[in-house]
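K.L.:
The chain contents come next:
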Amino acid sequence: MSGNEMVTVKNLSFSYPGKDDVLCGISLRVLEGERVALIGPNGAGKTTLFLLLCGILTPAGGVITVKGKKVIPDKFNTDIAYLFQSPEDQLFSSTVFDDVAFGPLNMNLSKDEVIERSKQALADVNCPALSEKPPHHLSGGEKRMVALATLLSMEPAIMLLDEPTSNLDLKNRRNIISILNRLEKTIIISSHDLEFLLETCTRACILDNGHIVEEGKIKQVLSNEELMKAHSMEMPHSLIPHTHGE
Amino acid sequence: MHICDGILDPKICIGGYVAAGCLTAVVLAKTRQEDVPKIAVMSAAFFVSSLIHFRIGFSSVHLTFLGLVSIILGIHAPLAITVGLFFQAVMFQHGGLSTLGVNSFIFSTAALLIYGLYTIITKPVKNNLLVSISAGVVTVIGIFSALAAILFLIYFSGEEFAGFAYIFSVANGMLALVEGVVTSLAVYYILKTKPRMLGARHN
Amino acid sequence: MVLEYQSTVQSVVHSWDARWKLVVLGALIFTAAAVQKVYSLLLIVLAVLILVLLAKIPGKVLMKSLKVPFFFLIVIFPVLAITSGGERLCSFGVISIYKKGLITGGIVMVRALSIISISIIIFSSTKLNVLVKAMNFYRIPATFCAIFIFTYRYIFLYFENLGKLLLAAKLRGYKMTKGIKHMSNTVAILVTLLIRSYEQSERVHHAMQLRGFSGAFPIVHSFSTRWSDVVKTFLLFFLIALILGIEYL
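Chains as they are written, first to last, in the working numbering: chain A, 1 to 246; chain B, 247 to 449; chain C, 450 to 698.
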């Protein structure tokens with residue numbers, strides 16, 4: 001870890017029209033190469049935070065910088081990529097290859113480079129055989145892998161993953177873990193799968209009611225039973241102390 | 247309600263493509279990049295919805311949902327209609343490819359008529375029930391106007407088609423009334439659950 | 450039956466440069482719409498059968514695809530036969546069968562089934578993204594092509610969603626019955642699908658923006674015309690000219 005700040009959030013606030021504040025003056029710093037788990041109950045504002053970091057939503061207050069540059073809403077930023085909760089929102093082309101190539105093609109790369117990147121991305125997620133298939137012929141796990149490939153082909157410096165293991169069987173879940181652990185990128189993951197986060201992240205932030213209520217080393221945060229309960233969560237099973245014979 | 251292949255004079259078919267092309271070009275000029283996913287997604291949803299059966303008397307019918315497409319998509323409805331008709335013809339062999347231009351132009355102009363009438367009639371109306379009923383009424387008007395255009399073209403293709411045109415008009419005339427009722431119900435539900443779908447003024 | 454590109458098949462039709470295939474088969478469609486004489490119709494049918502064989506479309510697939518339009522046309526045929534007027538062939542009480550109606554019905558059926566078969570040939574032998582690239586080549590606006598591709602993708606998703614909604618409703622007593630209550634329940638299912646689709650369209654737009662979408666849908670495919678493509682195109686145009694010559698001269 002070189003210590004460069006990749007994502008900086010200062011006093012960020014946001015609310016949807018006609019609704020209460022979703023995020024209330026939160027601040028966050030993510031360094032290069034860090035793996036940060038963003039956890040919290042449903043409705044805490046995790047997805048909203050991700051959408052703000054990508055520039056899809058415009059903050060009501062505060063500043064967001066990515067790689068030292070202020071995030072400009074609605075501007076195509078190849079430094080940061082977001083994996084949606086549902087792969088159906090992310091796969092919109094008629095074949096897998098076209099979907100994976102979509103991002104690089106919009107980056108004005110040469111045709112050869114687009115093809116190479118797309119093939120590499122599919123290889124990285126162990127799905128080169130799916131290249132010519134239409135998305136509607138894929139299983140749920142395959143769709144999730146291909147959705148991940150659509151981000152990898154853009155070679156972003158930062159990846160935001162929203163519930164990457166939801167609805168996945170154990171095999172595909174293990175696949176995602178090994179892929180993420182091979183990548184040398186800055187990653188922020190939002191997930192309720194705490195065991196998954198323990199295997200892939202080094203740091204955790206708890207977001208609840210629009211505030212970051214705790215930050216720290218992931219084992220330290222997740223093993224704080226009182227803290228977890230206070231924010232409608234439970235400790236991951238592997239951190240619960242078991243006595244011999246139970 | 248579409249005209250299938252094989253009936254219309256080829257000059258009418260080509261004329262239909264030219265007319266549909268011109269209308270599509272005008273609508274495209276008013277289409278922004280951010281409208282594309284909404285038009286495509288709604289076009290797909292309508293295409294799939296048109297496969298739902300409604301039981302009427304002894305048979306079941308498939309509706310076009312022309313009224314709903316028009317009211318939800320507004321001036322962009324012609325794009326969704328053209329693409330939807332194309333996929334119906336290619337994927338399910340409903341309607342026709344040689345007659346795609348004609349079908350597209352007729353339904354697109356009917357859609358714009360429905361949207362225009364809906365906007366004018368419902369502008370001063372706040373009551374959801376009245377808005378829904380108005381939506382149904384303008385749908386029936388729009389579909390009858392499309393039907394009239396189709397009948398005119400069928401007659402124009404040959405006097406031997408006169409009997410077929412009469413039966414076609416009776417069958418689809420009844421269908422238009424069903425479309426009106428369904429559109430009213432649907433608009434009523436949408437106004438209760440997601441009024442924003444019907445335009446900013448319904449917020 | 451839902452028609453889709455058959456990626457496992459390789460044929461002279463599949464390998465045909467899509468730009469020329471689209472134009473020449475499109476011209477064949479309009480030619481089929483124009484013909485009325487017996488010899489022209491026979492040549493059209495022959496051309497279609499040869500193309501179906503060359504494209505290696507299984508007979509079963511073709512028959513299944515033609516089933517729905519066939520049943521629709523089978524209804525038009527007797528309507529035309531008994532309502533067209535002109536020379537009467539025979540009568541059964543008040544119903545008369547007219548020669549003009551029989552001939553017109555036959556012509557309509559042959560034309561319609563030929564046109565549908567040609568469309569099956571085009572779309573089962575050409576990938577949709579290649580087709581859209583060909584549309585781009587002919588200067589069809591990029592926005593329209595983008596709508597095309599996205600609509601295709603989401604049709605399948607919504608089939609699945611509609612299926613799930615109907616299943617969930619059936620498990621709670623929904624039945625296909627008559628009356629306003631059934632219609633009301635069916636409309637509620639439909640509106641649910643539409644609202645979900647509408648909300649999804651906003652997320653899809655975000656996903657597209659994040660990957661640089663600016664109105665056009667970029668496609669990797671490159672066209673290259675070979676001599677075999679020139680020969681195929683020329684042969685078919687020659688056939689079309691022959692058919693039109695027989696029809697109009």
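It should be emphasised that the hints constitute simulated quantities derived from the structure, not laboratory data.
There's no promise every hint is true.
As the list claims (entries may be wrong) - List of simulated lysine to aspartate or glutamate pairs, EDC-like, C-alpha gap at most 20 angstroms:
(1) A:Lys75 <-> C:Glu651
(2) A:Lys19 <-> C:Glu648
(3) C:Lys549 <-> B:Glu405
(4) B:Lys440 <-> C:Glu696
(5) B:Lys438 <-> C:Glu696
(6) B:Lys257 <-> C:Glu648
(7) C:Lys486 <-> B:Glu405
As the list claims (entries may be wrong) - Label-pair distances were calculated between CB atoms; the ranges are:
(8) B:Phe398 <-> A:Asn126: 38 to 48 angstroms
(9) C:Ile629 <-> A:Asn181: 37 to 47 angstroms
(10) A:Gly25 <-> B:Cys268: 51 to 61 angstroms
(11) B:Ile413 <-> A:Pro17: 45 to 55 angstroms
(12) C:Ile544 <-> B:Pro441: 33 to 43 angstroms
(13) C:Leu503 <-> B:Cys268: 18 to 28 angstroms
(14) C:Ile544 <-> B:Gln279: 52 to 62 angstroms
(15) B:Val307 <-> A:Gly25: 23 to 33 angstroms
(16) A:Asp21 <-> C:Thr457: 28 to 38 angstroms
(17) A:Gly3 <-> B:Gln279: 45 to 55 angstroms
(18) C:Ile629 <-> B:Leu297: 50 to 60 angstroms
(19) A:Ser13 <-> B:Ile260: 17 to 27 angstroms
(20) A:Ser178 <-> C:Phe519: 22 to 32 angstroms
(21) C:Gly664 <-> A:Asp169: 46 to 56 angstroms
Heads up, the beta-carbon is just placed ideally off N, CA and C, and yes, glycines get one too.
K.L.:
Hint by hint, say whether it matches the structure.
P.N.:
Here's how the hints hold up against the structure:
Between Lys75 (chain A) and Glu651 (chain C) the CA atoms are separated by roughly 17 angstroms; this keeps the pair inside 20 angstroms, and the hint holds. Note on Lys19 (chain A) and Glu648 (chain C): the hinted pairing holds, with a Cα-Cα distance of about 18 angstroms set against a maximum of 20 angstroms. For the given pair, Lys549 (chain C) sits about 10 angstroms from Glu405 (chain B) by alpha-carbon distance, which is consistent with the 20 angstroms threshold. Under the criterion of a C-alpha separation no larger than 20 angstroms, the hint pairing Lys440 (chain B) with Glu696 (chain C) is inconsistent with the structure, at around 56 angstroms.
Of the pairs offered as hints, the one joining Lys438 (chain B) and Glu696 (chain C) is violated, with about 59 angstroms between alpha carbons and a cut-off of 20 angstroms exceeded. Between Lys257 (chain B) and Glu648 (chain C), the direct Cα distance comes to roughly 42 angstroms. Violation of the 20 angstroms bound is thereby established for this hinted pair. Using a Cα cut-off of 20 angstroms, the hinted pair Lys486 (chain C) and Glu405 (chain B) holds, with the two alpha carbons roughly 18 angstroms apart. As the Cβ distance of Phe398 (chain B) to Asn126 (chain A) is approximately 59 angstroms, the hint placing it in 38 to 48 angstroms is violated.
Restraint check, Ile629 (chain C) to Asn181 (chain A): a C-beta distance of roughly 58 angstroms breaks the suggested window 37 to 47 angstroms. For Gly25 (chain A) and Cys268 (chain B), the hinted distance range of 51 to 61 angstroms is satisfied, since their beta carbons lie about 54 angstroms from each other. A hinted range of 45 to 55 angstroms holds for the C-beta pair Ile413 (chain B) and Pro17 (chain A), which are about 52 angstroms apart. Between Ile544 (chain C) and Pro441 (chain B) the beta carbon distance is about 53 angstroms. The supplied range of 33 to 43 angstroms is therefore violated.
One distance hint, 18 to 28 angstroms for the beta-carbon pair Leu503 (chain C) and Cys268 (chain B), is violated here, with the actual separation near 36 angstroms. Take Ile544 (chain C) and Gln279 (chain B): their Cβ atoms lie about 58 angstroms apart, and the range 52 to 62 angstroms holds. Between Val307 (chain B) and Gly25 (chain A), the C-beta spacing of about 57 angstroms breaks the proposed range 23 to 33 angstroms. In this structure, Asp21 (chain A) and Thr457 (chain C) break the distance hint of 28 to 38 angstroms, their C-beta atoms being roughly 55 angstroms apart.
About 39 angstroms separates the C-beta atoms of Gly3 (chain A) and Gln279 (chain B), a value inconsistent with the hinted range of 45 to 55 angstroms. Range check, Ile629 (chain C) to Leu297 (chain B): about 21 angstroms between beta-carbon atoms, so the 50 to 60 angstroms window is missed. The hint said 17 to 27 angstroms for the Cβ distance between Ser13 (chain A) and Ile260 (chain B), and at roughly 59 angstroms that hint is violated. Checked against the hint of 22 to 32 angstroms, the C-beta distance between Ser178 (chain A) and Phe519 (chain C) comes to roughly 53 angstroms, which is inconsistent with it.
Between Gly664 (chain C) and Asp169 (chain A), the C-beta spacing of about 38 angstroms breaks the proposed range 46 to 56 angstroms.
In this structure, the hints that do not hold are numbers 4, 5, 6, 8, 9, 12, 13, 15, 16, 17, 18, 19, 20 and 21, in rising order.
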